[in-house]
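Novice: Here's the letter readout for the chains.
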Amino acid sequence: MLGTCLDNVRKTTPLVHNITNYVTVNDVANILLACGASPIMSDEPEDVEDITSICGGLNINIGTLHRTSIDGMYRAGAKAASLGHKILLDPVGAGASHLRTSTAVGLMEKIPFTVIRGNISEIKTLALGSGTTKGVDADVADKVTDENLDSAVAFAKNFAKDHNCVVAITGAIDLVADADTCYVIRNGRAEMGSITGTGCQLSGMMTAYLVANPDEPLKAAAAAVCAMGLAGEIGWSHMKPEDGNSTYRNRIIDAIYHMDGETLEKGAKYEVR
Amino acid sequence: MLGTCLDNVRKTTPLVHNITNYVTVNDVANILLACGASPIMSDEPEDVEDITSICGGLNINIGTLHRTSIDGMYRAGAKAASLGHKILLDPVGAGASHLRTSTAVGLMEKIPFTVIRGNISEIKTLALGSGTTKGVDADVADKVTDENLDSAVAFAKNFAKDHNCVVAITGAIDLVADADTCYVIRNGRAEMGSITGTGCQLSGMMTAYLVANPDEPLKAAAAAVCAMGLAGEIGWSHMKPEDGNSTYRNRIIDAIYHMDGETLEKGAKYEVR
Amino acid sequence: MLGTCLDNVRKTTPLVHNITNYVTVNDVANILLACGASPIMSDEPEDVEDITSICGGLNINIGTLHRTSIDGMYRAGAKAASLGHKILLDPVGAGASHLRTSTAVGLMEKIPFTVIRGNISEIKTLALGSGTTKGVDADVADKVTDENLDSAVAFAKNFAKDHNCVVAITGAIDLVADADTCYVIRNGRAEMGSITGTGCQLSGMMTAYLVANPDEPLKAAAAAVCAMGLAGEIGWSHMKPEDGNSTYRNRIIDAIYHMDGETLEKGAKYEVR
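Residue numbers (numbering that gives the first Met the number 0), protein chains in the order written: chain A, 0 to 272; chain B, 0 to 272; chain C, 0 to 272.
The set of hints was computed from the structure by calculation and includes no laboratory data. Please note that the accuracy of each hint is not assured.
[Claimed, not checked] Some chain B residues near chain A, calculated using beta-carbon distances under 10 Å: (1) Thr23; (2) Asp26; (3) Gly62; (4) Ser96; (5) Gly196; (6) Gly243; (7) Ser245.
Heads up, the beta-carbon is just placed ideally off N, CA and C, and yes, glycines get one too.
Generate coordinates for the entire structure from the input sequences, incorporating the hints supplied.
Specialist: Laid out in structure tokens, this is it:
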């Protein structure tokens, strides 16, 4: 029951350490608060070990890398791993530059990520060790569709198996898989793509779900994906004709703020393969 | 009359230099504009002395420290002090890491802060030279309540006396004290805690109040605290059932935008001890 | 027809590389998405050449300079120039500090900017090699008015000629000029000045317009200025009595989200001199 995963966040108020990009960091903080978690941000290498030690999970997002924040990511990741914390990687723009690709690949070699969450283009880059993405959006030619679903599911499971983690590939159809099982999720709306950072927000919130549901990372990750998509649907239902992407951003976070386990349970649209 | 403090901001449009965290910086800028002030942000050591020189006040917030921004804080603080500017310290997360605690304590040794504003956990950390905070939220066990109010007021006055400044300890009950007098303020709503950065916003706005009311730092700080809490009340009154923390953030800044001295005067809920 | 410039953005979804300040970066990203473009942010020197190579345009904004981001600006600018990309400079706070002025002037010497967009105080600083601005707002004494319009238009054309670029000087009356022609634009509302970053947003969006209309930089820049001002007018028409500057920020981006070429064509208020 995915709704339980949400309830567990509200019951336990997990503290999440975020090393994330400066573009969408405010929205990441607000959605963590909205879902019942508590955010703290720190990327300075001298600060990250102390901060991650008081948290239950670590969210690493490479959307705006700096030399010093990369150092912070490695240090925080090592510390979080030594403490058995849940750790998530959001490889924003992997494939778009050598620094992003090499940083994501390098982090994967050193840090035992619980979940890696990205679009299909980013995940393919990590799988192939190379690739090209158009900015932070998935390559249109490579999106997950009903036509290529079987092969996409197989790809996700293989990726999860190879990297001993859960992988969440988000897009029009979302895939959340471990080596054996794949949630195929159909919540959400295309208009969410016109807001910056819905992926970053999902990664932050997903980390909270992982912390609050320590024994079920696959289910927790799937629940977070369903919750984000459902919030996109609920938020859209409150949009007025003059509202656009900026108001929609607020409406989605607001919907997370009001969502309870029962709403998520009823609204989640997925099949398990 | 606290309302006069607000009116003085609108009359004089104080320019406030902010060295603040990248999580909530946009909201800090917008609330400064909302209250009638003008913000400028700069943390690069080579830039801060020039910038602070053209301002009337300096707001230092340690929410996301970097080695270079720490250098910028010391340089800006020294310059602002030499010019007799109002200077505020927001010790976000003091107690959560050695770097944060040592930076806050170190800044206090070098810079004559007009006001130090934080939650009870952060202020206790500064008072004790050690301590533990859960992220950026006050330790629940240590919150100011009606039961411990007398001792909390005494603590605040002692802190203010020891550090020769005004201290603002914000929470469900807010305390704003100098060595002799303490405002006990009961504006605000608990739901404000589900928005990231209401404290950071208050610190920015409070700096503007200090600049606009140069001879009355205690009253100015108290007025800013009342204004923020009152904005939380007014903003909440405009919330619709579907609105959550993201919309609430906007509503609070909007309420500051419309607030005048008379509204603040009528709405402020405080006693002086 | 300025409306065509907007339509071309929606048809081509230009990818814009932004090296911009951390205060308003989220709004810049959202307005780029709202207008039909796609944003990517990167300022790390090791990352910027790869990122700018996959984009069509580069938006450089000096609002919160760091030593490393300045290096990133030079590297990205050189790469973008070598690729024939459109490049825009937003000299935020030029005149307010030596670092800002020298960086803006230094960038202008090395990088062939397509457009330089700022307020009159910033542009005068660049023209004179010195000057003073009050934070990020135009010096009131030096604003463009109907009384000084002739000399302001002449100044703009001369600046454009001297620097071989289009210049956009924004304020109550906006001027967009090349060496021969100046658009005098009267869209917008004074209340836009109470939102942080409307200028930064305009610069981001303008870069997208430049990329989508490669042969007409003057018209593209003028169209972006009209679109921003018109969005300010449309957004204001949806404001309720309790709404303030934070909601207005959302309403403006929302208006850009809904704007089409026909709306811009009808709503643009300008004369060509």
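Novice: Each hint should be assessed against the structure and marked as holding or not.
Specialist: We went through each hint and held it up to the structure:
no., hint, in the structure
1, Thr23, "holds (6 Å)"
2, Asp26, "holds (7 Å)"
3, Gly62, "holds (7 Å)"
4, Ser96, "holds (3 Å)"
5, Gly196, "holds (7 Å)"
6, Gly243, "holds (3 Å)"
7, Ser245, "holds (4 Å)"
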